[in-house]
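**Q** Each chain, letter by letter, is given below.
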Amino acid sequence: MEDINYNGNKPILQLKSVSVAYSPDRKAVNEVSADIYPNTITAIMGPSGCGKSTLLRAINRMHDLYPSVKTTGEILLKGKNVLQMNPIEVRRMAGMVFQQPNPFPTMSIYDNVLAGYSLNGIRLNKQEKDRIVEQSLVSVALWDEVKDVMTKRGSFLSGGQQQRLCIARTLALKPELLLMDEPTSALDPISTNKIEELLLNLKSKYTILIVTHNMSQAARISDNSMFMYLGDLIEYGNTRHMFTKPRNKKTEEYLTGVFG
Amino acid sequence: MKDNLFKALLFTAAVSVLLLTAGIIYALVGSASEAFGEYGFFGFITNSEWDPRSATEEYGAFSFVVGTLFTASFALLICLLFSLPVALFTGEYFKGTKISSLVGSVVNLLAGIPSIVYGLWGFYTIRPLVVDMGINSQGFGIFTASLVLAIMIIPYASSLSGEFLSMVPDKLKEGAYSMGATRIEVIQHISLPVAGSGIVAAYILALGRALGETMAVTMLIGNTNHLPKGLADTGNTMASIIANQFGEADGLKLSALIAIGLLLFIITAIINFIAKLVMKHLSRV
Chain A
1 MEDINYNGNK PILQLKSVSV AYSPDRKAVN EVSADIYPNT ITAIMGPSGC
51 GKSTLLRAIN RMHDLYPSVK TTGEILLKGK NVLQMNPIEV RRMAGMVFQQ
101 PNPFPTMSIY DNVLAGYSLN GIRLNKQEKD RIVEQSLVSV ALWDEVKDVM
151 TKRGSFLSGG QQQRLCIART LALKPELLLM DEPTSALDPI STNKIEELLL
201 NLKSKYTILI VTHNMSQAAR ISDNSMFMYL GDLIEYGNTR HMFTKPRNKK
251 TEEYLTGVFG
Chain B
261 MKDNLFKALL FTAAVSVLLL TAGIIYALVG SASEAFGEYG FFGFITNSEW
311 DPRSATEEYG AFSFVVGTLF TASFALLICL LFSLPVALFT GEYFKGTKIS
361 SLVGSVVNLL AGIPSIVYGL WGFYTIRPLV VDMGINSQGF GIFTASLVLA
411 IMIIPYASSL SGEFLSMVPD KLKEGAYSMG ATRIEVIQHI SLPVAGSGIV
461 AAYILALGRA LGETMAVTML IGNTNHLPKG LADTGNTMAS IIANQFGEAD
511 GLKLSALIAI GLLLFIITAI INFIAKLVMK HLSRV
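Chains as they are written, first to last, in this note's numbering: chain A, 1 to 260; chain B, 261 to 545.
In case anyone wonders, no lab produced these hints; they're calculated from the structure. As the structure is a computational prediction, the values presented were derived from the model and not from experiment. Incorrect hints may have been included.
[What the hints assert, rightly or not] From the structure, some residues in chain B lie toward chain A, with a derived Cβ separation under 7 Å: (1) 431; (2) 432; (3) 435; (4) 436; (5) 438; (6) 439; (7) 440; (8) 441; (9) 445; (10) 449; (11) 453; (12) 454.
In this text, a Cβ means the ideal position worked out from N, Cα and C, and glycines have one as well.
Just need the whole structure built from these sequences, with the hints factored in.
**A** The structure is reproduced here in structure tokens:
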């Protein structure tokens, strides 16, 4: 793993022997260890059921919502163990974007961007609100498209716009880390393209961890890649190296389409 | 050939039901017309006098309309205090668990208890309690009737609103949790607003049930033909005055009772129509 792109920075997120079990005899993620560096895009690849989404959701403690799921090991976000922090604090630091765009249907576009604040009971004045909404929507390149329809419901937008709205909503909370769970799998190629461009732009400010089962997407946008198989982290390294010269036989088989 | 016969059969059945409904309305309107003719439609519903003595005979429905709305809305208020927590319990907190379906079935069991049994229970159990509470000396009245009525409509309100709460998509809730919302915040800002119109519809339907409920109310409300002055006062609802007086009524009085029946039918139909409209709005979201 000596070839990882890290720009001379210290890791922002460290996974140390992270395991996730849905039941005592069913481990979905098995002793995964990896360091994630700031201002990089790290792709997590692997066939369906390999545990990539499960690993991602362990990082912002989404598994807490389902009491039977147990996460063990250490997840250090800026040096603090996520598993011992207040999950609410963790989730504000690590924003998540889901597979299906999920804007809140009862809220306007404007209120959707501010949902993180209103949900947490944080009061803002009108100026702050306007500023946050504009900044967040500009950063996902949605501002020009929606600035005249702010009061319309979030579900009024197209799928790709909805997903950018969801990213804006996450960015509004100024997270340290963006966790993206196959954010383009429900979108058409043009919207996918826009989101990929957006992620490359966001890299300068955020650290992005993206689960994808689209290999070419991983190749296009990520600095580093993880390949997971049956809950194990098989290989983690520089994306370019991994795609040209994978070290592991399984990775090679996956990348060449022997299975997937 | 067989197909055509079947079609004709279905058509006949459908038309018969339509005719039957029209027939009921026709009969009600026909029999009520004497009272409406005597006092005028608005005169009849706004007059609170109900005096069957032949010398001073006069009939108005206002006391009973007020009695009905008063009893039903107070019952709805009490019902809300129990059914919303039950709905959140079954549709949100313990959604899909054994305890949730157990609570759901037990609550639904309440809907299966016959009205007359509620009446008896109210008469022998709740009424003495109301006397002990010092609300009124006999224990009859709007308060007692509403209390029992509230319990009767809990299953209607809670099972339907629980159903709507459980239909709130997980992806919305997860979206809110992922931004650091607590469970209460998710319920307050996501689940309740998203299921909102469904929940409102559930309560409107429960209100519709409460308006037409007869037996238990008649046994508990005190059956006095005046405008109720408050919760502790006795009164009559539209259904209970009919149940009490139809046996010895004839002429104008019978027509007045039927007119009250027609009014009750109209009010309930409007309530159900509103509930349908609200639900239609929900399916668009």
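**Q** Each hint should be assessed against the structure and marked as holding or not.
**A** Here is what the structure says about each hint:
| no. | hint | in the structure |
| --- | --- | --- |
| 1 | 431 | 4 Å, holds |
| 2 | 432 | 5 Å, holds |
| 3 | 435 | 4 Å, holds |
| 4 | 436 | 6 Å, holds |
| 5 | 438 | 4 Å, holds |
| 6 | 439 | 4 Å, holds |
| 7 | 440 | 4 Å, holds |
| 8 | 441 | 4 Å, holds |
| 9 | 445 | 5 Å, holds |
| 10 | 449 | 5 Å, holds |
| 11 | 453 | 4 Å, holds |
| 12 | 454 | 6 Å, holds |
When the structure is compared with the earlier hints, no violation turns up for any of them.
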